[in-house]
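Asks: Produce the entire structure from the sequences given, and follow the hints as far as they go.
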Amino acid sequence: MEHGGGAEAGRTHSTALLGRRSERAVLDQLLGDVRNGGSQVLVVRGEAGVGKTALLNYATESAHDLQLLRAVGVQSEMELVFAALHQLCMPLLDRMKRIPEPQRRALATVFGLAPGPAPDRFMVGLAVLSLISDLAAEQPVLVVVDDAQWLDTATAQTLGFVARRIGNEAVGLLFGAREVGVELNGLAELEVDGLPDDEARALLGSAVEFLLDAPIRDRIVAETGGNPLALLQLPRGLTATQLAAGFGLLGGQGLPGRIEQSFLREADALPPPTRQLLLVAAAEPVGDPVLVRRAADQLGIDAAFAEIDGLLSLGERVTFRHPLVRSALYGSASATERRAVHLALAGATDSAIDPDRRAWHLAAAATGPDEAVAVELERSADRAQARGGFAAAAAFLQRAVALTRDPVRRTERALAGAQASVQAGAFRTAWELLATAEAGQLDDLGRARIDLLRAEAAFAQQRGRDAPGLLLRAAQTLEPLDPRLARDTYLDAWSAALFAGQLAAGTGLREVSQAAIAAPRPDTAVRSSDVMLDGFALLFAEGRERGVPLLKQAATAFGDGEVSAEEILRWGWLATAAAATAWDFEACLAASIRQVETARRAGALAVLAVGVNVLGQVFAMAGDFAEATSLRAEADAVREATGTHIGPYGALVLTALQGRPDDAFPLIDDTIAKTTAEGQGTAAQYARWAKSVVLNGLGHHDEALPWATLAAEDTPELFVSSWALSEQIEAAAHSGHLDVAAEALARLQEKTRGTDEPWGLGLEARARGLVHKGAAAEKAFLEAIEQLNGTRLRPDLARSHLLYGEWLRRQTRRGDARTELRTAYEMFSEIGMTAFADRARRELQATGETVRRRATATTAGDELTPQERQIALLVRDGLSNPEVGTRLFLSPRTVEWHLRKIFDKLSISSRRQLRDALPEAG
Numbered sequence: 003m004e005h006g007g008g009a010e011a012g013r014t015h016s017t018a019l020l021g022r023r024s025e026r027a028v029l030d031q032l033l034g035d036v037r038n039g040g041s042q043v044l045v046v047r048g049e050a051g052v053g054k055t056a057l058l059n060y061a062t063e064s065a066h067d068l069q070l071l072r073a074v075g076v077q078s079e080m081e082l083v084f085a086a087l088h089q090l091c092m093p094l095l096d097r098m099k100r101i102p103e104p105q106r107r108a109l110a111t112v113f114g115l116a117p118g119p120a121p122d123r124f125m126v127g128l129a130v131l132s133l134i135s136d137l138a139a140e141q142p143v144l145v146v147v148d149d150a151q152w153l154d155t156a157t158a159q160t161l162g163f164v165a166r167r168i169g170n171e172a173v174g175l176l177f178g179a180r181e182v183g184v185e186l187n188g189l190a191e192l193e194v195d196g197l198p199d200d201e202a203r204a205l206l207g208s209a210v211e212f213l214l215d216a217p218i219r220d221r222i223v224a225e226t227g228g229n230p231l232a233l234l235q236l237p238r239g240l241t242a243t244q245l246a247a248g249f250g251l252l253g254g255q256g257l258p259g260r261i262e263q264s265f266l267r268e269a270d271a272l273p274p275p276t277r278q279l280l281l282v283a284a285a286e287p288v289g290d291p292v293l294v295r296r297a298a299d300q301l302g303i304d305a306a307f308a309e310i311d312g313l314l315s316l317g318e319r320v321t322f323r324h325p326l327v328r329s330a331l332y333g334s335a336s337a338t339e340r341r342a343v344h345l346a347l348a349g350a351t352d353s354a355i356d357p358d359r360r361a362w363h364l365a366a367a368a369t370g371p372d373e374a375v376a377v378e379l380e381r382s383a384d385r386a387q388a389r390g391g392f393a394a395a396a397a398f399l400q401r402a403v404a405l406t407r408d409p410v411r412r413t414e415r416a417l418a419g420a421q422a423s424v425q426a427g428a429f430r431t432a433w434e435l436l437a438t439a440e441a442g443q444l445d446d447l448g449r450a451r452i453d454l455l456r457a458e459a460a461f462a463q464q465r466g467r468d469a470p471g472l473l474l475r476a477a478q479t480l481e482p483l484d485p486r487l488a489r490d491t492y493l494d495a496w497s498a499a500l501f502a503g504q505l506a507a508g509t510g511l512r513e514v515s516q517a518a519i520a521a522p523r524p525d526t527a528v529r530s531s532d533v534m535l536d537g538f539a540l541l542f543a544e545g546r547e548r549g550v551p552l553l554k555q556a557a558t559a560f561g562d563g564e565v566s567a568e569e570i571l572r573w574g575w576l577a578t579a580a581a582a583t584a585w586d587f588e589a590c591l592a593a594s595i596r597q598v599e600t601a602r603r604a605g606a607l608a609v610l611a612v613g614v615n616v617l618g619q620v621f622a623m624a625g626d627f628a629e630a631t632s633l634r635a636e637a638d639a640v641r642e643a644t645g646t647h648i649g650p651y652g653a654l655v656l657t658a659l660q661g662r663p664d665d666a667f668p669l670i671d672d673t674i675a676k677t678t679a680e681g682q683g684t685a686a687q688y689a690r691w692a693k694s695v696v697l698n699g700l701g702h703h704d705e706a707l708p709w710a711t712l713a714a715e716d717t718p719e720l721f722v723s724s725w726a727l728s729e730q731i732e733a734a735a736h737s738g739h740l741d742v743a744a745e746a747l748a749r750l751q752e753k754t755r756g757t758d759e760p761w762g763l764g765l766e767a768r769a770r771g772l773v774h775k776g777a778a779a780e781k782a783f784l785e786a787i788e789q790l791n792g793t794r795l796r797p798d799l800a801r802s803h804l805l806y807g808e809w810l811r812r813q814t815r816r817g818d819a820r821t822e823l824r825t826a827y828e829m830f831s832e833i834g835m836t837a838f839a840d841r842a843r844r845e846l847q848a849t850g851e852t853v854r855r856r857a858t859a860t861t862a863g864d865e866l867t868p869q870e871r872q873i874a875l876l877v878r879d880g881l882s883n884p885e886v887g888t889r890l891f892l893s894p895r896t897v898e899w900h901l902r903k904i905f906d907k908l909s910i911s912s913r914r915q916l917r918d919a920l921p922e923a924g
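Its first residue numbered 3, the sequence shown is counted upward by one per residue in the numbering used here.
Take every hint as true, because none was put in to throw you off.
Taking lysine to aspartate or glutamate pairs in the EDC-like style, the calculated list, with each CA pair at most 20 Å apart, reads:
no.: 1; residue 1: 775; residue 2: 745
no.: 2; residue 1: 903; residue 2: 870
no.: 3; residue 1: 781; residue 2: 818
With beta-carbon atoms standing in for the labels, derived distance ranges:
no.: 4; residue 1: 567; residue 2: 37; range: 40 to 48 Å
no.: 5; residue 1: 195; residue 2: 679; range: 34 to 42 Å
no.: 6; residue 1: 588; residue 2: 756; range: 14 to 22 Å
no.: 7; residue 1: 563; residue 2: 848; range: 45 to 53 Å
no.: 8; residue 1: 740; residue 2: 821; range: 21 to 29 Å
no.: 9; residue 1: 741; residue 2: 563; range: 41 to 49 Å
no.: 10; residue 1: 97; residue 2: 443; range: 45 to 53 Å
no.: 11; residue 1: 483; residue 2: 333; range: 40 to 48 Å
Read the hints as simulated data drawn from the structure, not as lab findings. Here the structure is a predicted model, which means the values were calculated and not measured. We put the beta carbon where it would ideally sit given N, CA and C, even for glycine.
Replies: Okay, structure coming up:
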């Protein structure tokens, strides 16, 4: 059964391929794997005419027992949002009720079936993945997309997502493309070259009705490179004398150009009305014969609507023999001829049904600036943005700019197009449109908007060293023009500077903070995000005493639900940094949970990439390694799906506390190298702190000290520096550098002074225990244990018991030491802190106690991969397969496949048994 199609979807109707034995074997293997329930993706790549479509048709006709979905990229439709996806998915829309609601909502919006905010493009990809998976549950599916180099950007991104996330489905995806764009880059490829000489000679012989001399025949084969279309097409229209002499096939053009010329020779032999009909069809990308007929009527063309000399068929669809026929006809037409047919097509297109395509035809028909058409293009851009097609919106606006005479409106449209381009990730187009805007008439607000767009583009491309300065400049320019927007931009600049840390290029956290304090306040109501900006700015400009109370107030508001969804999506992760600075762990947890939940509901995957990273840190610091591991896998899935450039913060905290060097050190070293190169200084600071934690856990205090020192001295106002001071004090005290420990303690006390939060009080007391002597030390250790005992911070509590036990042993109080060390050992083992558990075990043995190595709490599921563990935990907690799939960018069938493996590994047979197999952390 076949679904979908397009203008050239069935342009070749025979599977009679000459040769291509190895290529057919690859396709046969792919189809066999799909029939057996596997998933396969392949891009068939090669130059025009080399036989890609013939191979795709071979696969299609060989897949008679599979369900078929087809689409074809059309060059003239590249700027129409989701144009090719409509071809592919329209036959499946009756299945939309069977996919999860957020995905259903996203598809309904992009296909214009329901109003709604522009959906996240990755949610659209997940929806298409679910639709195809649902179809494959009934019968294996083959998806064939030809001329992928001409897919519109939104469709190409969607299908690239599906290809990378297809998982274990009975689905094959076949793409045909001349060149592989970024969306399909990295997928498996089958490169198609010309035919071998013997097969090429045979094919040429089948196309020529008379005998060619061997030297002439070999010359033609050599010049065509064995390209099948060239061998079949170039001899057409040439006389026997020309071919026999070897004339007519030569020229300075490349092979595609010569093939196009051969098609034009055929077209030139037709009457003028018929040639104009061919041009109408070439300019109409949908392949709708009714539309072509209506346009032909408007032009007064009286031509036979049947197969036109083998170049074009007007049946149920308008079908060219080959895409090069279309490009040859359109490319050879004069500008006047093209405008005439586009105007006729615009007149034939129903403005109520397809206003965007009508606007595009009107634009192509324009002879110069035309405000009415520019307005239509602007409206099309609005519709494209509403469906999440930012690249298409940018293309509409770029064309509108070219048709706009008024310099003010031209600049405004260029700015709007640049904004859409930044949102689409099309940065080259954004720079071009910004240059157009800069060359126009700009007021101060316009110049400020250009600065802001440049900054946003820099931050979106890479959260590195350049963005803070650009955002700060934009905020300062906006101050007298739009204080509210300036205020928001200052907070974005602070966020960018936080990512950059000490690697910021000249403009860092201190510079942004000082500028924000001096900036005028908007007359609007004060929001929690304003309070947070004030807190961070005062922290750097005037110290903790002024900044921390405001940060605590803001973080509490973000966690308690007192801020809007827009604020939580934009700055929720920053609220957790505010809470950490104020030592408020409960606010950390509440704000990070709220941001992740809000991002999941909204399908805001770029936000989720940051949010799950932050939430993973919080759960790791609470000692819930199962949940932290699950979030780490989710963070990896989101980062892979979205291509987001962000350091692995959650993974660093988790592996640091787990303390397994073989896992931790490669991640840490790789993070330092990559994030330093990208200008993400805070991620590098995290990594250095993480290394000091692992080394302290192993008891390698001499090695831990320099890493902790580096992290502590890197942006000392940040909360990561406070964590690093705690590691520095422990490493220095245990390695005999008491002066270093004492100095670090003084700095830590500055950061905890005035707090009433047990997190900060507990760490400060523990540090005093390491530095002080005698009764003062013991009192400090007991105070640390008391402060942390009522919190979620189980790893820090366990470490306090360990350090107190070590101190007691050195005071020769072995009995008391055993009690503390045994408590620490049991807690570390239960949490899964391997290095610290081994250290506690060694200390216990030094007291004379025999200690058996305990299995940690994670052992029960250690045989599961991180992704399997995450799926198991989500199912354990009651999520359905579609809900798990939405969370992890997998189809429900792939989730079911993983569950079967999980059940087998855990020796269980039902979802209910997961609760016993993987008990929740106590």
